[in-house]
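Residue numbers (UniProt numbering), protein chains in the order written: chain G, 1 to 426; chain X, 1 to 426.
Careful, some of the hints might be misleading.
Taking lysine-lysine pairs in the DSBU-like style, the calculated list, with each CA pair at most 35 Å apart, reads [unchecked claim]:
| no. | chain 1 | residue 1 | chain 2 | residue 2 |
| --- | --- | --- | --- | --- |
| 1 | G | Lys109 | X | Lys67 |
| 2 | G | Lys29 | G | Lys394 |
| 3 | G | Lys171 | X | Lys180 |
| 4 | G | Lys414 | G | Lys389 |
| 5 | G | Lys341 | G | Lys213 |
| 6 | G | Lys386 | G | Lys341 |
| 7 | G | Lys394 | G | Lys269 |
| 8 | X | Lys171 | G | Lys171 |
| 9 | G | Lys109 | X | Lys386 |
| 10 | X | Lys389 | G | Lys109 |
| 11 | X | Lys72 | G | Lys72 |
| 12 | X | Lys341 | X | Lys386 |
| 13 | X | Lys180 | X | Lys375 |
| 14 | G | Lys341 | X | Lys375 |
| 15 | X | Lys213 | G | Lys386 |
| 16 | G | Lys414 | X | Lys109 |
| 17 | X | Lys414 | G | Lys375 |
| 18 | G | Lys171 | X | Lys386 |
| 19 | X | Lys72 | G | Lys386 |
| 20 | G | Lys109 | X | Lys394 |
| 21 | G | Lys72 | X | Lys389 |
| 22 | G | Lys375 | X | Lys12 |
| 23 | X | Lys341 | G | Lys375 |
| 24 | G | Lys341 | X | Lys414 |
| 25 | X | Lys171 | X | Lys414 |
| 26 | G | Lys375 | X | Lys171 |
| 27 | X | Lys12 | G | Lys109 |
| 28 | X | Lys389 | G | Lys12 |
| 29 | X | Lys12 | G | Lys389 |
| 30 | X | Lys171 | X | Lys213 |
| 31 | G | Lys12 | X | Lys12 |
| 32 | G | Lys375 | X | Lys375 |
| 33 | X | Lys109 | X | Lys213 |
| 34 | G | Lys389 | X | Lys72 |
Hints are computed from structural coordinates only; laboratory data are not their basis.
There are 2 protein chains.
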Amino acid sequence: MSNPAYTAMWEKLNLDIPAHDGLLEVLGKFYGDIYMSQQGRLQGMEYLDFVLSEVHGLRIQELQQAKEQGKKIIGTFCVFVPEEITLAAGAVHVGLCSGADAGTEEAEKLVPRNTCALIKSFIGFKLARLCPFTESCDLVVGETTCDGKKKAYEAFAEHVPMHVMEVPNTKSDAARDLFKTEVLRYMQALQQLTGTAITPQALASGIRAVNAKRRALQRLSALRSADPAPISGRDALLINQVSFYDDPERFTHSINALCDQMEERIARKEGIAPAGTPRLLLSGCPMAVPNWKLPYIMESSGAVIVGEESCIGTRNTRDLVDESQETLDGMIDALVDRYMKIDCACFTPNTERLHNVTAMAQELKADGIVHYALKFCQPYAHEAFKIEKAAREKDIPVLSVETDYSMEDAEQLKTRVEAFVEMVRG
Amino acid sequence: MSNPAYTAMWEKLNLDIPAHDGLLEVLGKFYGDIYMSQQGRLQGMEYLDFVLSEVHGLRIQELQQAKEQGKKIIGTFCVFVPEEITLAAGAVHVGLCSGADAGTEEAEKLVPRNTCALIKSFIGFKLARLCPFTESCDLVVGETTCDGKKKAYEAFAEHVPMHVMEVPNTKSDAARDLFKTEVLRYMQALQQLTGTAITPQALASGIRAVNAKRRALQRLSALRSADPAPISGRDALLINQVSFYDDPERFTHSINALCDQMEERIARKEGIAPAGTPRLLLSGCPMAVPNWKLPYIMESSGAVIVGEESCIGTRNTRDLVDESQETLDGMIDALVDRYMKIDCACFTPNTERLHNVTAMAQELKADGIVHYALKFCQPYAHEAFKIEKAAREKDIPVLSVETDYSMEDAEQLKTRVEAFVEMVRG
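Next up, chain G with everything else stripped away, as it sits in the complex (with noise of 0.2 Å):
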């Protein structure tokens, strides 16, 4: 991945280029082992592979032209950040650089050991100057979900220019207000930085644009119920990762023609699997590129996963927002209603997320659910028990795993998916 061409782009943005080449030459072979090995990949996957190989080249050459035009770029870390209003600002919306140990000891003197390998991971592309989109970033806009990141991003403002988002813990009427505030507060910064008035059009495309990004996912997820599986699990969260990086209008159209492919395939009952292959459902934490480890595992383990429960993945799309208002007070509360119904771990109680992982796990026949917490993630961990008991109230069986970035714990990994693959196939 890596290339001559971009190296005065990346030096301009301050990057460590020979660490920076270094890491993207251990992704693209990474990337090769676990993605370009598989067999019967659609053929629209070229546009993921195309988008991944231009992840740190091409698509921050569109960035740096959009700057260059007078955009503003804007970064994010969570899907609580609508990016409908990013879009209504005129501004670009990306998701930072999280999937990977990098930097972790120089994290390590800003934040605890005993953080999550996502946050200290942000925390060391940043130090280990290693992020070509963090440093494009004109704000980086954090959100108080978790006890790690609401904490990191004070850490991590001494380095970034920061807005923080506040989350409230629970649904009530009182909580949907301070989101609102929230909501309103971060579209006020984005008219500031960018000079531009948010008008009820505008928002209005943006809000199109992102529902029109949703629907797209929203169909590949649908058509992952047929059996044999149109697609690969690794394939699929690729998709969701990349949905963070790209141009939403462009995600979408390549995304639709995927979905062409896959029914065409659905048709002719072909798979990425033979029909008969244990399918399971991926639950929890979020998964950033290249956080591909737990994705491979399972699937080099003789099953196929149907669907990722995760804040990468249905977290994100389930929900549209309401088109039809045509205020732009109307279409904020459309917008806030729409982001009180995401079931994060960091609302007490999150009863719907149950609800949501079993029905979606009997929606696309799932054999069986893994759950995967982050180590030290303590509102997935805590669910973990929860999602359990709720599954096994389905009689459906729940692998819990803890894992962080390391290779370490592969091969123990493996053991347990394996053994958990060979129960559910019965």
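We have chain G already, so just place chain X on it with the hints.
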């Protein structure tokens, strides 16, 4: 501390009698080693010795008598639950057992292993049937101050009657509105539970009672600026711990009497340790009974503790509620204003704590700060970095400690603390 006279009461509360006898025996021995071994203690500490020796006996008997008179018992784990309102409803407000390893194995079936000792402890005490306070409760009131507690209360609610108050993540106007709604909701829940309408007179009286308790503890805290230190940190911590268990009026009276003795001792230039003994401020996570490990290690390493910057310490006593309000709404606002001043690490940002800690160290003439974070407590572990930095800027040395309730690291801690004491002795 075991007493056959109370066995019938404990049986009625469904305690595990043999295990509870064992706990009291260990607690008694531990108390003897750590407390009764001290030389030159103030006479007024006999009250504390008595209260602690009867903490599962006489005090529980009082709670049972209150219940027989129709009073309700409210259990809490956090300084955000307003005792003023509990008292105004004619109910009894008590802290629940959470300071010792108990029922850990059972607790880990409900909450993740990577949960702090305090949370595992309160769940363990319940599951192992060892806490007569928990068993006496008509309602347990939790709060959303950290991910661990927020999610653990969901599991705990299956075992005790729970009410959870939302504490916001920031101190914005919208966050204050949310907390006010929660205070009103708590008031409503209590009125329903007790069948008592809270009058302005009752709330004013509750505010005065809790303010009086806080004033006594403020007086005690201020007297500790004297050198030689008039009281040990262990004893002062015990006083703060007992403030969560004992009858408020009796407590306030006893502590003021103790402060009279402290003043006499200070006038005589006498202390618990010689003048010039290295003085340390203890800062960080709450220490519930019998979590005396670190204070004991500090004071048996040649230092004296002169303050506890903690929820069981000045975080709970620094601010008073304005007593000049006459309407119920005015009082509620005064209450909310006071509680929103708490410098808990749950808030982002929480810069006032940095000021408070360094100011406190200077006022109490501390030679250094020992920052204490419970293992897996993310909010305080994050703030440890900030406290170190803020103190360094004022030339105050900091030792940052992360530990739990086990004794396994006692030797290692002692080595680190001794080296720190030698260093600050200069």
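task: Please flag the earlier hints that this structure goes against, numbers listed from lowest up.
output: Violated hints: 1, 2, 11, 15, 22, 24, 25, 27, 31, 33; rest satisfied.
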